[in-house]
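Peer 1: Build the full structure now, drawing on both the sequences and the hints.
Position 257 of the sequence shown, counting from 1, maps to 263 under my numbering, and the rest follow consecutively.
Rather than coming from a laboratory, the hints here were simulated on the basis of the structure.
Watch out, some of these pointers could steer you wrong.
[Said to hold, decoys possible] DMTMM-like cross-link-like pairs, simulated, lysine to aspartate or glutamate; straight-line CA separation at most 20 Å:
{"hint": "1", "residue 1": "Lys573", "residue 2": "Glu280"}
{"hint": "2", "residue 1": "Lys128", "residue 2": "Glu95"}
{"hint": "3", "residue 1": "Lys375", "residue 2": "Asp410"}
{"hint": "4", "residue 1": "Lys308", "residue 2": "Asp281"}
{"hint": "5", "residue 1": "Lys375", "residue 2": "Glu409"}
{"hint": "6", "residue 1": "Lys452", "residue 2": "Glu429"}
{"hint": "7", "residue 1": "Lys709", "residue 2": "Glu432"}
{"hint": "8", "residue 1": "Lys573", "residue 2": "Asp713"}
{"hint": "9", "residue 1": "Lys375", "residue 2": "Asp640"}
{"hint": "10", "residue 1": "Lys405", "residue 2": "Asp379"}
{"hint": "11", "residue 1": "Lys614", "residue 2": "Asp682"}
{"hint": "12", "residue 1": "Lys709", "residue 2": "Asp425"}
{"hint": "13", "residue 1": "Lys308", "residue 2": "Asp582"}
{"hint": "14", "residue 1": "Lys405", "residue 2": "Asp423"}
{"hint": "15", "residue 1": "Lys405", "residue 2": "Glu395"}
{"hint": "16", "residue 1": "Lys96", "residue 2": "Asp71"}
{"hint": "17", "residue 1": "Lys573", "residue 2": "Glu563"}
{"hint": "18", "residue 1": "Lys614", "residue 2": "Asp501"}
{"hint": "19", "residue 1": "Lys479", "residue 2": "Asp467"}
{"hint": "20", "residue 1": "Lys623", "residue 2": "Glu512"}
{"hint": "21", "residue 1": "Lys292", "residue 2": "Asp171"}
{"hint": "22", "residue 1": "Lys674", "residue 2": "Glu686"}
{"hint": "23", "residue 1": "Lys128", "residue 2": "Glu140"}
{"hint": "24", "residue 1": "Lys453", "residue 2": "Glu437"}
{"hint": "25", "residue 1": "Lys167", "residue 2": "Glu150"}
{"hint": "26", "residue 1": "Lys10", "residue 2": "Glu23"}
{"hint": "27", "residue 1": "Lys453", "residue 2": "Asp425"}
{"hint": "28", "residue 1": "Lys284", "residue 2": "Glu273"}
{"hint": "29", "residue 1": "Lys452", "residue 2": "Glu437"}
{"hint": "30", "residue 1": "Lys570", "residue 2": "Asp717"}
{"hint": "31", "residue 1": "Lys709", "residue 2": "Asp675"}
{"hint": "32", "residue 1": "Lys284", "residue 2": "Glu298"}
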Amino acid sequence: MANKICYNCFRIKGDYEVCPFCGWLDNTEPEQAYHLRPGTILGGRYLIGTVLGFGGFGTTYKVWDSQLASIVAIKEFYPSGLVSRVPGEKQVVVFSGEKRDNYQVALSRFLDEARNMAKFSKHPNIVNVLDYFEENGTAYIVMEYLNGMSLSEFLVKQGNKLDVDTCLSIIGPTMDALIAIHNQGIIHRDIHPGNIFITANNQIKIIDFGAAKFSTGDVEKTLTVVVTQGYASPEQYRSKSKQGPWIDVYGLGATFYKMVTGQLPDEAVDRQVEDTLKRPSQLGIKIESYLEKAIMKAMAIKTELRFSKMEQFRDAVFNNKVVDFPEVELKKRKKRIRIVSIAVSLALVLTAGFAVMNRSYFSDDPLSKFDEDTISIWVPVSGDEELREQELAVFNDVKDKFEDSISGVTLQVIPIDRDSYGELFERAMVEGDSPTLFSSEYVFAKKENAASLERLVSSLDSDAFLFLKNYSKWYPNRLQIPLGFSATVIYANTDTAFEDYFNIPEQISSLTELLENPSGEDYLLCIDPQCYGNILSLYSPDMLGGGELKPNSDICEAILYIQKAHKALGVENTLDSLDLLAEGQVTFLLADNSVYREVQTRLPGYYKVVPLSTEHKMYGTFIDEWSISATATDNQQKIGMQLIRFMLSSYVQNHFYLQNDGGVPLNKDVFFSYLDVNREFSFLSESLNQFQFAGQYNNLVEKFGQDINTDIILRDSSEEDIRRYLESYRLITE
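Peer 2: Rendered as structure tokens:
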């Protein structure tokens, strides 16, 4: 005998097997055997009808609420892989062992979903949660039933493509909803046209929070990885990754792309291998440039190039805030990773008031006695036009203030592209036109091109500066002097640490256990390519000396590890290594202070700085090294030394290294202030006597690391190839 009520539209159909109102066939079997059968009663009031949708986390049913006499939707928590159900029964059977523990955690999160979503019951663009309860060994969320269609269905009806104005009318309310949930620490994680609903009265609603997680610092380790092809960000394909609002930004950007172009975006994992995704305009779509840039930025593969917050995406879309295409921004950011900050330091020298830096400032010092003269400074600048203009503006101001503050002294500021700095300097030396002051980070300082700085070093108080007492040890040629230093350390992602077998230590005294790869398939350690030279020098401590760099085969094993790991991980530059740490693909990153702020930004509260001390030695690099030309007159050399000395003063070092994150200051007073501000580096104060530096061989070590990267690591070199390469490798400065 047929049921009197239709379990699809909940009208009284009488004895008809086929509902005369909606056409539903009575006694239709559920699509999946584990689905609740129509007619099942939940909570003593909810009559289960047909299935509206289902996935890896659960099933949503169309339900009749007998108390309110209205249709609602109920979502049942049913995580596939953790539970089962006898067909026709209500009770959920939870698997035993570890899966039972995982289920309890997941069930708790499901109830968290209900409690958190109930907060948005009055939000016009979020599905309304009416109730939630536990029953049958699982839990249920009661929601408003929405009459209308999903954006996915709407697109099909409209020929898979919408005009820009219609897209904006859908995107705007969706952004409002996502901003609201993000502000409560919730991430949807499955934004796509199927989860954006358009009601019969044209109201936009976000639905299906089954994939959501409720803490941006939490990493999913037990639940199924959530991916909807074309709409899932790259980090969603990894079970251990840092996830935040930027995931929903990607999903909504991909949805926008689909609406505008009518084409499903390429899958993120394919784009990581080769990104061939075309801009809408390249597909013949007429769209404003600012909108196109916003869409492509929202879909950036690298998280640091994507909008980090939905508010930023909305600002770019609705307030016409122009952003760059990801590939354009990447080019600029690569140049910013290690910007030589002499522009800032020079500007600060002058804003401090060069009026005090006159001939009477060091009245008892022979260096302070100089005549009217002209000196030139070659300042390394970016090859990027926009950055170059910004830097030139600073240097032009430097020139004006310097000449105004010190009568009779003219400063010629000459900007030189960093990439061609060394080549142009060598040419200038041949032509007899070298600058008075030059950056010896880009030029090998030697007797033929650099003057002795013995007079400058002797004039400094060795107790006032770090490592100055050992200056002759690190710089036996006395041809250059640094302003700061960086320490080689380990950055640990505390959110994705392998807790079961590896506790993050307070200090790492050997890289062996990290290089041995105890996790099997995963790699624990990634090395910043900028540090290749330093890290390899750990394995060949005698490769420096006598004006040359000569590696030995001791470092072959380390190179093989780096080559194997970095090939598997796809590491080519510093940004790649930061991505891996932030996204949880590795637990440790070996790098120096230059990436400290980037780590802080990407892993707020979820990182740890661990000292690297092997055989009671710590490894650092002197930075911001300056030399004075050997062809400069004695008078010009004095003026140049005064400028360097002033850049070592407390005022300039404070602004240079504390306020602009250039590295660690050598001025002791500022150094201790630095530790107060950056407490994670407090271990430096007790480790100063352990530091080893390449000193005057800094350039050689850096060049060696670059050569190893391009000639070996980025190629598929065999062990035999590496050994032959090392046997023939030489770098000579003298």
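Peer 1: Quickly compare the C-alpha distance for Lys573 and Glu563 to 20 Å and report which way the hint goes.
Peer 2: Distance of about 15 Å is within 20 Å: holds.
Peer 1: Keeping to a limit of 20 Å between CA atoms, is the pair of Lys375 and Asp410 held or broken?
Peer 2: Holds, because 19 Å separates the two Cα atoms, which is no more than 20 Å.
Peer 1: Would the pair Lys614 and Asp682 pass a check requiring their Cα atoms to be no farther apart than 20 Å?
Peer 2: 17 Å, holds
Peer 1: Straight-line Cα separation of Lys308 and Asp281 no greater than 20 Å?
Peer 2: 11 Å, holds
Peer 1: Is the straight-line distance between the alpha-carbon of Lys128 and that of Glu140 20 Å or less?
Peer 2: 24 Å, violated
Peer 1: Would you mind confirming whether the straight-line C-alpha gap from Lys405 to Asp379 stays at or under 20 Å?
Peer 2: The hint holds at about 14 Å.
Peer 1: Run the distance test for Lys479 versus Asp467: straight-line Cα separation, threshold 20 Å.
Peer 2: Between Lys479 and Asp467 the Cα gap is close to 17 Å, so the pair holds against 20 Å.
Peer 1: Regarding the pair Lys573 and Asp713, is the alpha-carbon distance no greater than 20 Å?
Peer 2: Status holds; Cα separation ~16 Å.
Peer 1: Check whether the Cα positions of Lys709 and Asp425 lie no farther apart than 20 Å.
Peer 2: 13 Å, holds
Peer 1: Do the alpha carbons of Lys453 and Asp425 lie within 20 Å of each other, as the hint requires?
Peer 2: 23 Å, violated
Peer 1: Check the hint pairing Lys453 with Glu437 against an upper bound of 20 Å on the C-alpha distance.
Peer 2: 17 Å, holds
Peer 1: Taking only the CA atoms, is the gap from Lys674 to Glu686 under or equal to 20 Å?
Peer 2: OK: Lys674 and Glu686 at ~18 Å, within 20 Å.
The structure shown violates the earlier hints numbered 2, 23, 25, 27 and 31.
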